[in-house]
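S.K.: I would like the entire structure built from these sequences, with the hints used as guidance.
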Amino acid sequence: MAITGAILVLYLIAHMYGNLKIFSGQEAFDGYAHSLRELGYPLLPYEGFLWIARIVLLASILIHIYAVVVLWRRNHRARTARYQVTKRVQRSYSSYTMRYGGILIALFVVFHILHLTTNNIAPGGRSDSPYERMVNGFQPEFWFVTLFYLASVVAVGLHLRHGIWSAVTTLGGNKAGRQGKLNALATAIALIVAVGFAIPPLAVTFGLVS
Amino acid sequence: MNITLRVWRQKGPDDKGRMATYKLTDVSSDMSFLEMLDVLNEKLTLEGEDPVAFDHDCREGICGACGVVIDGEAHGPEMTTTCQLHMRSFNDGDTITVEPWRAKAFPVIKDLVVDRGAFDRIIQAGGYISAPTGTAPDAHATPVPKADADRAFDAATCISCGACVAACPNASAMLFTAAKVTHLGMLPQGQPERAARVVKMVNQHDEEDFGNCTNIGECAAVCPKGIPLDTISQLNRDLLGSLAKGVG
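Line by line, the protein sequences are chains P and R. Per the numbering used here, the first sequence runs over residues 1 to 210. Per the numbering used here, the second sequence runs over residues 211 to 458.
If you're looking for bench data, these hints aren't it; they were derived computationally from the structure. Take these hints with a grain of salt, some might be off.
What the hints assert, rightly or not - Straight-line alpha carbon distances no greater than 25 Å define the calculated DSS-like cross-link-like pairs of lysine-lysine that follow:
{"id": "1", "chain 1": "R", "residue 1": "K410", "chain 2": "R", "residue 2": "K314"}
{"id": "2", "chain 1": "R", "residue 1": "K356", "chain 2": "P", "residue 2": "K87"}
{"id": "3", "chain 1": "R", "residue 1": "K233", "chain 2": "P", "residue 2": "K175"}
{"id": "4", "chain 1": "P", "residue 1": "K175", "chain 2": "R", "residue 2": "K226"}
{"id": "5", "chain 1": "P", "residue 1": "K87", "chain 2": "R", "residue 2": "K314"}
{"id": "6", "chain 1": "R", "residue 1": "K455", "chain 2": "P", "residue 2": "K175"}
{"id": "7", "chain 1": "R", "residue 1": "K455", "chain 2": "R", "residue 2": "K435"}
{"id": "8", "chain 1": "R", "residue 1": "K233", "chain 2": "P", "residue 2": "K87"}
To be verified - Computed beta-carbon distance windows for the label pairs:
{"id": "9", "chain 1": "R", "residue 1": "E270", "chain 2": "P", "residue 2": "Q84", "range": "27 to 33 Å"}
{"id": "10", "chain 1": "P", "residue 1": "Y100", "chain 2": "R", "residue 2": "D225", "range": "33 to 39 Å"}
{"id": "11", "chain 1": "P", "residue 1": "H34", "chain 2": "R", "residue 2": "K314", "range": "52 to 58 Å"}
{"id": "12", "chain 1": "R", "residue 1": "N251", "chain 2": "P", "residue 2": "Y100", "range": "42 to 48 Å"}
{"id": "13", "chain 1": "P", "residue 1": "R178", "chain 2": "R", "residue 2": "R331", "range": "32 to 38 Å"}
{"id": "14", "chain 1": "R", "residue 1": "C268", "chain 2": "P", "residue 2": "I63", "range": "45 to 51 Å"}
{"id": "15", "chain 1": "P", "residue 1": "L150", "chain 2": "R", "residue 2": "D304", "range": "42 to 48 Å"}
As the list claims (entries may be wrong) - Part of the chain P face toward chain R, derived, beta carbon under 10 Å:
{"id": "16", "residue": "R54"}
{"id": "17", "residue": "R82"}
{"id": "18", "residue": "Q84"}
{"id": "19", "residue": "Q90"}
{"id": "20", "residue": "T170"}
{"id": "21", "residue": "G172"}
None of the values given here were measured: they were computed from a predicted structure. We treat Cβ as the ideally placed atom computed from N, Cα and C, and that holds for glycine.
M.R.: This is the structure in structure tokens:
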């Protein structure tokens with residue numbers, strides 16, 4: 001779970017970098033999207049890199065979800081009688097919303113691929129240009145698309161906040177002297193990723209990119 | 211002070227159990243929580259009712275026998291054992307809810323008493339050393355770095371009370387297991403079995419139907435001995451090392 005999570009976090013950072021290229025204009029954004037298809041060519045076939053990345057990501061997501069199902073079942077079984085009164089002593093909001101946030105993120109990923117990758121769902125019209133798909137999809141009249149997107153990005157941020165901390169602990173890197181730094185690092189990455197993903201669609205909705 | 215107690219009553223392991231409400235008057239704020247329960251039990255006995263069963267032994271905060279969930283917190287609102295919690299931590303007129311540790315691995319025997327035999331079996335699986343210890347050796351016979359000695363000592367203060375399990379949203383005993391693994395693993399005498407120990411203890415932990423650790427940290431927050439959360443990361447590091455070496 002920690003390892004697949006780490007793969008997905010690294011992917012998110014690369015994905016966010018690509019998204020922010022929208023501020024360099026249509027040519028740069030579409031050019032970047034196209035260059036991913038030619039990465040490694042002719043060593044790899046056309047779109048070869050992309051398919052390798054897709055397979056690795058899909059495998060990571062499936063293993064991640066499988067691990068959570070196994071853990072959840074075990075943890076559910078471990079306490080059959082519930083407490084009458086429960087109190088949170090120190091657990092963070094992000095740590096106890098991991099599963100719900102995860103479900104929202106999974107649903108979002110499906111929608112997101114249908115929307116901006118395959119373009120089967122195309123609010124504002126289909127297009128071959130990734131830039132136009134973005135601009136069409138996040139127009140002010142499709143505020144609900146932007147809203148769903150933002151809610152998912154917040155969920156990703158919360159998921160990463162606890163996930164990064166937890167993954168490092170699972171992999172044995174959490175030491176007493178480092179906990180402050182580790183918490184700060186997890187919060188910083190979570191914030192950067194959430195804000196980085198929130199900016200492009202908001203820029204479209206508010207007409208900064210058209 | 212006057213208080214209202216809501217206490218879990220369960221006649222035996224197979225009884226369904228229920229919450230019972232009792233009113234206590236003239237409770238001294240200097241009483242410990244267990245003394246308050248003693249007063250309740252005297253009253254119940256006089257009234258011909260069955261007294262509330264609860265575990266206790268030293269009443270000095272060192273044995274780990276006592277332990278109940280008070281208002282949703284293991285050992286109550288102070289970071290200490292239930293016996294060292296005093297009624298001054300509560301206010302006049304409070305309603306206090308008292309429940310046993312809740313975990314499948316800790317079945318209720320009666321009222322607030324649970325069977326913590328699962329902890330003993332985790333210790334039996336690997337919480338020991340085979341080095342002959344004999345009488346206390348000279349202090350400098352086997353040099354141990356100060357930082358390691360301190361860490362081992364901090365982990366060794368675990369009294370196996372089970373608060374970590376009670377507080378964990380997943381009913382995991384990872385902090386307990388990690389405390390033992392860290393305690394023995396930091397010292398030279400613990401090295402011969404170090405690689406096998408962590409695998410055996412974690413296997414037994416899972417066998418007992420404890421939940422898994424999701425690194426939330428409620429355990430360390432309620433631990434009366436302040437066992438640090440990073441012991442769990444130490445356990446994970448040892449476990450990954452053992453698995454990489456093919457141990458277990």
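S.K.: All hints are to be evaluated individually against the structure, with a verdict given for each.
M.R.: Hints versus structure:
no.	hint	verdict
1	R:K410 - R:K314	20 Å, holds
2	R:K356 - P:K87	37 Å, violated
3	R:K233 - P:K175	47 Å, violated
4	P:K175 - R:K226	43 Å, violated
5	P:K87 - R:K314	20 Å, holds
6	R:K455 - P:K175	23 Å, holds
7	R:K455 - R:K435	33 Å, violated
8	R:K233 - P:K87	23 Å, holds
9	R:E270 - P:Q84: 27 to 33 Å	29 Å, holds
10	P:Y100 - R:D225: 33 to 39 Å	35 Å, holds
11	P:H34 - R:K314: 52 to 58 Å	55 Å, holds
12	R:N251 - P:Y100: 42 to 48 Å	43 Å, holds
13	P:R178 - R:R331: 32 to 38 Å	33 Å, holds
14	R:C268 - P:I63: 45 to 51 Å	47 Å, holds
15	P:L150 - R:D304: 42 to 48 Å	43 Å, holds
16	R54	29 Å, violated
17	R82	7 Å, holds
18	Q84	6 Å, holds
19	Q90	4 Å, holds
20	T170	5 Å, holds
21	G172	3 Å, holds
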